[in-house]
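Protein chains in written order, with this note's numbering: chain G, 1 to 394; chain R, 1001 to 1394.
Don't read these hints as lab results, they were simulated from the structure. Check each hint, because a few of them may be wrong.
Below, a list of computed lysine-lysine pairs in the DSS-like style, where the Cα atoms sit at most 30 Å apart [claimed, not checked]:
1) R:K1168 with G:K6
2) R:K1035 with R:K1335
3) G:K19 with R:K1267
4) R:K1035 with G:K6
5) R:K1019 with R:K1006
6) G:K6 with R:K1267
7) G:K168 with G:K6
8) R:K1006 with G:K267
9) G:K200 with R:K1035
10) R:K1168 with R:K1006
Remember, it's a predicted structure, so these values are computed and weren't measured experimentally.
Protein chains: 2
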Amino acid sequence: MPVAGKMHEFMDRSSWIRKMFENGARLKAEHGSGKVFDFSLGNPKLEPPVQFQQVVQELVADRTAGVHGYMPNAGYQETREAVARTVAQEQDTPVAGDHLVMTCGAGGGLNVVLKAILDPQDEVVVPTPHFVEYGFYADNHGGVLRHAETTEDFDLDVEAIEATVTPKTRAVLINSPNNPTGRVYGAETLRSLGVMLEAKQKEIGRTIYLISDEPYRKIVYGGVEVPPVMAFYSNTLVVSSYSKDLSLAGERIGYVAAHPGVDGIDKLMGALILANRILGFVNAPALMQRAVARLQGVSVDISPYEENRDLLYGTLTEAGFSVPEPEGAFYLFPKSPIQDDAAFARELQDRLVLVVPGSGFMGPGHVRISYCVSRQTVEGALPIFREIGERYFG
Amino acid sequence: MPVAGKMHEFMDRSSWIRKMFENGARLKAEHGSGKVFDFSLGNPKLEPPVQFQQVVQELVADRTAGVHGYMPNAGYQETREAVARTVAQEQDTPVAGDHLVMTCGAGGGLNVVLKAILDPQDEVVVPTPHFVEYGFYADNHGGVLRHAETTEDFDLDVEAIEATVTPKTRAVLINSPNNPTGRVYGAETLRSLGVMLEAKQKEIGRTIYLISDEPYRKIVYGGVEVPPVMAFYSNTLVVSSYSKDLSLAGERIGYVAAHPGVDGIDKLMGALILANRILGFVNAPALMQRAVARLQGVSVDISPYEENRDLLYGTLTEAGFSVPEPEGAFYLFPKSPIQDDAAFARELQDRLVLVVPGSGFMGPGHVRISYCVSRQTVEGALPIFREIGERYFG
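Turn these sequences into a full structure, and let the hints steer you where they fit.
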């Protein structure tokens, strides 16, 4: 076989999702994209803030020598320090520039972290449902995902995580605000998680990292705050990006930040920087590094997402769907009225509403509705959700 | 250990190189950077062409919706088609947009290729000396490098490669113009390589890819031409970037192009695109993709590199050093006058000339001189090379 056996298998396994996307594209071609209501992608609809354009214009006009060349693999020191000041504040922890590596988005950052810390067959505990890429990322570096269930409304279940930790556990990977559920983990839950992990580290006699994947930190609604994960556990690594809060998903700019109290911080930073280099990232894109250094504190106005959330959440619950109110990110994860979520997604597709079956997120019996879309898309779909709810629950 | 055992080992093994770089930095701090002649890095000194700045200014002013968001993992279709037109011409092969994946530089591209094709313990044959990262890249994806010696003047030795092919061989990885030797492989050599690989494929009954890493294709001197590698062998994948010819090394923009006649081209393209996604690259940086689509045919004026080459090559050979004339890239790889190349590099460092020992490139007994530097750096170092030559060879 001219491709790797594993890649062959991955392609086979995901062929049904690809087929759904292809059907969606076909429907758009047939009916016109305005008639198809696409909630399947996490590609931010909002444009980057105007300051982004201004800053990039200025940076490109600046002809200082070498600004498009290589810089140290960790990134520009100026950028690292600017980002670290923000992270220190958000995490209530004295994170400095040297504790930070700029990466090609959070996806790049997660791979850098897992490459740096995983020995073969090391386990990474992940609460379900979870972002589908985590399984690939762990596997890339010889690791194995272990799933821990969440509560009925998708909150962390610290006992379930505890029960999943084994002597092979190297990390627990959480994502709050969560894709696909929109859940934000509260301070008390994180405190319990930290206490449990401290005890488990002692018990099994090895470092367990808490990896906090936080690209949606700034996308929260109704006054919800995202607690400082680092404040509750010192072996914490925060991974994030500007993909969602500056709407720069295609530009691949993010970072990994380590708690300064992480076990063997110097060795770990060395490993993260080396991983960034040898995975072929080399460094995060130069121009975007210089841009985000100047855009700390700037983010998109998320009120259109909040309006979408309110419209969809209100309509779905009124229509009888069971769905916890999302506190952040831009996803809803309602229960499918039938157990076969792929069949339900196909039913919606027949009505020109595109969603992703929850099975893709290890959350079978649900569908993911991504509402980082236009108001028209939301409004066009509301009557369809009402009709379908009427049929199942009316 | 809080970092992966393998990363620990990598850091240990490369600590001597890091030490050399640290010493270099210390010398610059002590003596002033103008007094230290640094030939240790492959970071292009020339600025990007003026057209780059113009194009990026225009692109940033363009407020079309979604231009900084995700696009398909393979890249913008417009970019793929623009790049494919150039590659088709360079390779004398009908490469189309669909045969191409935009990547985060050539380093990203090589990782995408190796992820897509390598099964555990598959072998990748590489002529020595070679770019130091290849070993990490193969290892990232479970592969193993097998070294094949080159001729005395660093030309491909097809028989040596043939002798290194085993039933576990999945690819031969060549790099022309070469880092660290500056050698360009000629058409006849590549033709023999193609014939040998065709025969070996039949013999072992599996696809052997020829991966041609070509970021220096446009950096050649004295009328030398880089032959179309694809024209000699259909299972060829070309990996390249705009790091060197547009001086955009920090912006991470490159590509993988497949010969349209590659075995199972559709399956392979699917695997390359999936690899780009799941390794965390997701896609090549959006703005740079749009820029290079408009900059096909544009490159830096390489005459300053050629002047550096002529000055250094002339001085080194006059001084008695044994060094083949480089035909491309911006490296010279002279024999060290003593077998211990690290000791010789330290001797040069004591004279404030920084080079990299050839052992780092699997070419012990040599040093690499990178001349993508200013004319002043070159001129400052010439008397020192003359003196050292006088001492060893005079």
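Hint-by-hint comparison with the structure:
| no. | hint | verdict |
| --- | --- | --- |
| 1 | R:K1168 with G:K6 | 16 Å, holds |
| 2 | R:K1035 with R:K1335 | 25 Å, holds |
| 3 | G:K19 with R:K1267 | 15 Å, holds |
| 4 | R:K1035 with G:K6 | 53 Å, violated |
| 5 | R:K1019 with R:K1006 | 20 Å, holds |
| 6 | G:K6 with R:K1267 | 13 Å, holds |
| 7 | G:K168 with G:K6 | 23 Å, holds |
| 8 | R:K1006 with G:K267 | 13 Å, holds |
| 9 | G:K200 with R:K1035 | 55 Å, violated |
| 10 | R:K1168 with R:K1006 | 23 Å, holds |
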